[in-house]
Amino acid sequence: MHSEDELIKGCTKGDRAIQKALFDRYCPKMKVICQRYAKTTLEADDILQEGFIKVFANIKDFRQQSSLATWITRIMINTALNFHRQKLYLHPMVEVEKANLAEAEEVSLSVFHLNELVTMIQSLPDGCRIIFNLFAIEGYGHREIADMLSISEGTSKSQYNRAKSLLKEKITNEQKRYGRLGERKV
Amino acid sequence: MEDWEKGKFEKEWRDAFVNAEDEGSTEAAWKNIDLQLSQAEGKAMKRSVIFYQRLAAASILFALISVAVALYNSTIFESTTTPSLAQQPTQNRSIPGDKNSPKQPAGGVEQSDQLNSTTDKKDKGRTSGGYRRSNVTLATSSPQATAFAQTTQALDERVNYRQAVDQRLLNYPPLAVVESQVNLISRYREVTLYRQLPAFPASYMANSPSKKSNKEQVWASVGAAAGTFSPNLSSPQAYFSAGMPNDIDASSRSGYSKSSDVGSAYTFGFSMGTKFSKRWVMQGGINYLNQSLGYQSNLQQLDASNQYSTALVGRTSGQPVKVTTPYQISSINEIISVPLQAGYLIVDRKFGFQLNTGFATDLFLRNSLVDESGQLKRSTEGAGSSSPYRTMSWAGLLNSELSYRIGDRYRVSIVPGLRYSLNSVFKSESGSVSNPLVTDVGFRFRYIFR
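Chains as they are written, first to last, in our numbering: chain G, 3 to 188; chain Y, 166 to 615.
Hints are supplied without guarantee of correctness; some may be wrong.
In silico lysine to any residue, SDA-like type, Cα no more than 20 Å apart, as pairs [claimed, not checked]:
| id | chain 1 | residue 1 | chain 2 | residue 2 |
| --- | --- | --- | --- | --- |
| 1 | G | K62 | Y | S203 |
| 2 | G | K172 | G | G156 |
| 3 | G | K22 | Y | Q540 |
| 4 | Y | K440 | Y | K515 |
| 5 | G | K15 | Y | D199 |
| 6 | Y | K173 | G | S112 |
| 7 | G | K170 | Y | R179 |
| 8 | Y | K173 | G | G12 |
| 9 | G | K62 | Y | K173 |
| 10 | G | K159 | Y | K176 |
| 11 | G | K172 | G | S154 |
| 12 | G | K62 | Y | M210 |
| 13 | Y | K196 | G | D17 |
| 14 | G | K31 | Y | W195 |
| 15 | Y | K173 | G | S167 |
| 16 | G | K22 | G | K41 |
| 17 | G | K159 | Y | E499 |
| 18 | Y | K176 | G | E171 |
| 19 | G | K31 | G | R87 |
| 20 | Y | K443 | Y | G517 |
| 21 | G | K41 | G | L168 |
| 22 | G | K56 | Y | T191 |
| 23 | Y | K173 | G | K56 |
| 24 | G | K159 | G | K178 |
| 25 | Y | K196 | G | G156 |
| 26 | G | K159 | G | P127 |
Hints are computed from structural coordinates only; laboratory data are not their basis.
Please put together the full structure from these sequences, using the hints given.
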């Protein structure tokens, strides 16, 4: 088991074995991140590969101001955003009508498998999916998201509300479909 | 973060993914990553190989140009160090007592007698044994005649030597052709070298979109240079006819001016440049040129304020002159030059190597003749209709620029180069021809705007 320093030094030298070790350690987590931002599994694999290439190319500049995992996560998210920037340029996000945010009945995500949650997120429109990931899961604020994506804060909020509304609808439908509440699906 | 906006819904989703991992197979992903890393390493090695090959090509090119210039200079000096008898004014070909005097006709043939007939009365004390002030006539029995005969023999040998040198030069191709061949060779050598690069797969030859390029697009620079100045005078030695109407005291001696082979030159100026394609740049600016050449002269001229000042043969503008003891003069040409050059970036990185060529429009400001001892007043000749100097001329430029970028905005360079005047600095009616060649090394400091 290599320490973080050993991984950084080995990757800086271009040691393929160390690079593989780093990849094996962080790939499982990064794969989920990429799946959340991608529309399809193929797209997620592309983002994952491009992200790790950037990690190995820039690891010599890593200043250890954060953990290696956090740094790699940031690279993966930026790679995913770059991937979608062109799509967002061609189909810019606009403010949508205020979604019906009437509180749904209490939902618990613990009844859903990780893959199902990922599938729900992937089913969202591109803009909604990215903003949902950034706001709800990564923890960015709408102002930061607006700066990152070159959109207005209002657009960010409205797109997020739409994503939230769609997800709540999906969760409700799934729960009704299986008729189970509080039980984890097998 | 606007935490107050995040409620239970967001917390549920965040908690669901906080340590989420996909345990599926990653081998396919790693294979692709491994392949791309190998390709990137191959490209880096190829870039490094090409960089050193181009550096080697540039060094060879520069060495060839330097050798060509050195050969050209040595050829010019060889042909100008021996006096050219044909270039001497026909009316006065001799300086009595001067070892370098040309051959005197045997038998004491008189020449220019009518010019000197009035001078006999002035300095009678100088005549002796049949010696005539015409400076071309000697009685064959006089000691001077013997001395002249000996001088003549030495001069004959020198003339024969010069003719032999000329003959040797004729057997070699003209230097201009050699220079053009060098340029052709250097140009095609680069192409040949490039074609001889090892063949890489097509994927390696394609430019990577992520390849960083030098972002210098527009810049301004100040620079200075110093070097040697070869005048390439058609007549490095020129003679003034004694007894001419503006000869003040019609002394027995004739005036002459003899130039040094090499002088000094310095330049400073300002320029701006822009990159108009990936490897090509254009630069232009304005420079002040100062070219100084040493002379030995025995002429002084009387200026408008009735003071004696420095003078050279052919540059007295009709002012009264007199012959005096020889003294050293610095002839200083001051010129404003407007160069325009195209440059090719052979190496375009933090270290840069660039080859520039172009031409300059030279505006003649003035020529100053300065007595090096400081005793005589300096004489100055500007441009104009009465000046022997051409007001505007053109020069060809060739230099290389070795540079180093400091930070994002600055670049310092060393610039060795050549400058050759394409037309004579003298007007055609002046009788003199001079196409100066300047070789110098400069220093340039560049500020990059964008």
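Please list, smallest to largest, the hint numbers that this structure does not respect.
Of the numbered hints, 2, 3, 8, 9, 11, 16, 17, 19, 23, 24, 25 do not hold.
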